[in-house]
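Enquirer: Residue-level listing of the chains:
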Amino acid sequence: MSRRWSTLALAVLAALALPALVLAGPAGGPAAGPDTIVIGTQQEPAVIGLTICDACTMFVATMVSAPMFVPDVELTNEWKYQPVAMEKMPSLRDGDWRLLPGDKMQVTWRLRRGLRWQDGTPLTAADYIFGWRVNLNPRFPSAGRDVSERVENIQAPNANTLIVQWKRKYAFANLGVAGSVALPRHILNAAYQRDPSKLPENAWGTSERTVGNGPYRITQWQKGSSITLERWDQFNHNAVGGSYRTPSAIRRIVFRFVPDTNTQIANVLAGSIDAFDETAIPFVQGLELENRLRREGRRDWIVEAVPGLIWEHIDLNLDNFHLRDKRVRHALIYGMNREAIVQSLFEGKQPVSHSLFPEKHYGYHRNIKRYPFDQARARALLQEAGYRPGPDGILVKDGQRLSLEFATTAGNRTREAVQQIIQQQLRQIGIEIVIRNQPARVYFGESLPKRQFTLAMYAWVFGPTSDCEGLYTGDTLPPDGQNYPGYKNDEVTRLCHAIPEELDEGRRAQMLRRFQEIWIEDLPVIPLYFRSDYAGRKASLQNWRPTGATAPVTWNATQWRWAR
Amino acid sequence: MGRYLLRRTFQMVPLLFGISVIIFMVLVMAPGDPVDLLLSGNPRVRAEDIRLLREIYGLDDPLHIRYVKWLRAAVQGDFGYSRTYKVPALELVMARIGNSLWLTIPSFLLALAVAVPVGVYSALHQYSKTDYAATFFAFFGVSVPAFWFGIMMIYVFAVTLRWLPPGGFVTPGVTEGIPLILDRLRYMVLPVIVLSLLLMASLTRYTRAAMLEVIRQDYVRTARAKGLAERAVINKHALRNALIPIVTILALGIPGLFAGAPLTETVFAWPGIGRLIVESVGGGDYTVAQVALLFLSGLVLIFNLVADVAYAVLDPRIRYD
Chain Z
6 MSRRWSTLAL AVLAALALPA LVLAGPAGGP AAGPDTIVIG TQQEPAVIGL
56 TICDACTMFV ATMVSAPMFV PDVELTNEWK YQPVAMEKMP SLRDGDWRLL
106 PGDKMQVTWR LRRGLRWQDG TPLTAADYIF GWRVNLNPRF PSAGRDVSER
156 VENIQAPNAN TLIVQWKRKY AFANLGVAGS VALPRHILNA AYQRDPSKLP
206 ENAWGTSERT VGNGPYRITQ WQKGSSITLE RWDQFNHNAV GGSYRTPSAI
256 RRIVFRFVPD TNTQIANVLA GSIDAFDETA IPFVQGLELE NRLRREGRRD
306 WIVEAVPGLI WEHIDLNLDN FHLRDKRVRH ALIYGMNREA IVQSLFEGKQ
356 PVSHSLFPEK HYGYHRNIKR YPFDQARARA LLQEAGYRPG PDGILVKDGQ
406 RLSLEFATTA GNRTREAVQQ IIQQQLRQIG IEIVIRNQPA RVYFGESLPK
456 RQFTLAMYAW VFGPTSDCEG LYTGDTLPPD GQNYPGYKND EVTRLCHAIP
506 EELDEGRRAQ MLRRFQEIWI EDLPVIPLYF RSDYAGRKAS LQNWRPTGAT
556 APVTWNATQW RWAR
Chain F
3 MGRYLLRRTF QMVPLLFGIS VIIFMVLVMA PGDPVDLLLS GNPRVRAEDI
53 RLLREIYGLD DPLHIRYVKW LRAAVQGDFG YSRTYKVPAL ELVMARIGNS
103 LWLTIPSFLL ALAVAVPVGV YSALHQYSKT DYAATFFAFF GVSVPAFWFG
153 IMMIYVFAVT LRWLPPGGFV TPGVTEGIPL ILDRLRYMVL PVIVLSLLLM
203 ASLTRYTRAA MLEVIRQDYV RTARAKGLAE RAVINKHALR NALIPIVTIL
253 ALGIPGLFAG APLTETVFAW PGIGRLIVES VGGGDYTVAQ VALLFLSGLV
303 LIFNLVADVA YAVLDPRIRY D
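Going down the list, the protein sequences come from chains Z and F.
If you count the first sequence from 1, position 232 lands on 237 in the numbering used here, and the numbers rise without skipping.
If you count the second sequence from 1, position 296 lands on 298 in the numbering used here, and the numbers rise without skipping.
The set of hints was computed from the structure by calculation and includes no laboratory data.
Pairwise CB distance ranges (calculated):
hint, chain 1, residue 1, chain 2, residue 2, range
1, Z, 200, F, 30, 16 to 26 Å
2, F, 284, Z, 329, 27 to 37 Å
3, Z, 104, F, 176, 53 to 63 Å
4, F, 70, Z, 426, 43 to 53 Å
5, Z, 309, F, 162, 19 to 29 Å
6, Z, 547, F, 19, 55 to 65 Å
7, Z, 198, F, 186, 34 to 44 Å
8, F, 30, Z, 168, 43 to 53 Å
9, F, 147, Z, 81, 40 to 50 Å
10, F, 49, Z, 172, 18 to 28 Å
11, F, 19, Z, 566, 57 to 67 Å
For every residue, glycine included, the Cβ atom is placed at its ideal position computed from N, Cα and C.
The shape of chain Z in the complex, shown without the other chains:
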């Protein structure tokens, strides 16, 4: 009996293991053939194309959408804007951006001729107007209406001209038609008329039935596994500008969703993906991977940190008894050796931030007040604020120990490491830090919006033109905005509302600098560092150019090539 069972067991094992004899491809060459690029990414997009709906704001959705849809204007890896679907970027100098009485504006866009949806229907001005109307409709689940609502009206005197009337001045009116995207009116209008709230549930945007207007079309979407885009040979590269002008050399782009970062790294080492984007591997693991590849002398992969616009910081709840006193806030930042943190944890590849803007931002204040690591000064400030050492060494004022709860997302190894270092550093100046981390859903879904925190570490994702409106204006405290620290300063509120309406970049930068001066002195937030994200590619993949900004790495997918 046992022999028969054993034979059966062996047969089953052999049947399972037999296909293993088919070996994987070489690590340095394309994973799935010379006409294909396989990109490993951590997340799966919810909806593509409808980039204005709620979850579609996710980065990965823009990454998949970029090769499928031509943007009005694209952001390059050098953070320069250039027109793609439009003939040019409107400017005050050329007169296609005009100021009107009552602080209103008019911007004229000319859509390039020869662009089509992938079902053959021409892309026209009507599709842009439709996209704008959809985004404005309160029954459409959009999380990005702030720009669209600044627009009063859009007119289309002909199929290729859009005249956008703005209710008031808006500094970035030349970076996109109206804070929305062109949508195929001929496909979506019926569903939209039935129920705008259900539009994102339409098969368009969530399946292979999504019709784009770019150089690649979707051919397969295996939920939870991968999305495959194939080159759309009817795309008219001569009709567009920017990177889209280059005819695509790669026939197929596959986005493979790998949620576990260890598996993602295994995919890199085994050569079964060709590249990974900035969201695929956390910084610390990316650093380990880079060092490992160097140690092993492997030249088949190029893995590097791309400086980005994701800003790690600690919000201070200004309603807290201790944190209400500016001297305590200053003592906190003087007591933290942020330079040592970035050196020890990130080998200095994630720079300390002294402002909410990185040096590459046009409004960055070069002479902003800096807070070096100075524990003597921190102690002096606390003493001046009336704190005296208690029996256990922790400072006390009015009977209250200087003990602060410090929260972040549980399970985020990097943040937890930063937290522990800060805890030790502040203990040296008599401040007790009690770490109370929470799962992301509780932290972002409950604690932050309800301001149930004392110190909260997390990140904001900024763009190259981001400013302070909504984050630090006195009228945007939750539930009316995301000013979680509860910061109120009249001059800052006035400045932050005025900045997006200042058209002159020089003056706008000056206003941003003034804001930073006040903000860094008031210190409602402790700036920590700017995240760099690791992106990687096989060495033989050419023209892979991550932007490090809000624009996805696929912005120039048509320029990718395999080296011969």
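Given chain Z's structure and the hints, the job is docking chain F onto it.
Expert: Quick look at chain F alone, frame taken from chain Z:
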């Protein structure tokens, strides 16, 4: 038996209803607003947009109203849309169940094919080298975390030896026919081995224990005394009786495979139901989590019934009528 089956089947309806209430309440009352969570880190979102989204998704209705709305739609076959994926929740769950079956069925068969003969052999040769090896294997299988074991398998077979893919579901460009099946098999090997390990280990231990108990019974001794061949004694008398407790482990092992799959599916980037449950609960996608968890609950109920029926088939003394 027929009446028993009918009665048990009808009993499942109120049970499932009760389970659905509990699942719904637990999911909805869990801390963390799904809309805030969805939009976290996006400084462009305004409070007004958040309010509108909450209204569109009906998140401000009282709990009982939300449940009644859900139940009313569910009995008509409408289980709602995934808030994350914007596709019908039922469609999403069914597709993921299909993907999970690619792992669970071979894992079950593999566990069965290895564990029962090894357990039997181990019992018949107690304290032999093979028995010690089998016992060690069983303890290893029960103790080792699936997550760690999965990573190790990937490291050895995908990264070092490069025999198998480190994760995924199918090779890009392979879309149909025999090449697709062969390709899928390559991707299945490692997750199937990892997923089957726990069931295999516990089944080996139970089989060995059950056989050890049975072969010392009087009727086995009697069978041997009657001069029956050893093979007949083991097959007809010992194994058949030893299978009764094993059937419980087997029957409950199937929902256990589904429920235990999240880590394996995550490590191997396999788009199965286990991963979907973890993602939907974590992301506040209640409609999907509700359907997926109800499916698992239904599976447990069904396989409990299967186990009861199997007792009667294996042991003539058990009658349910």
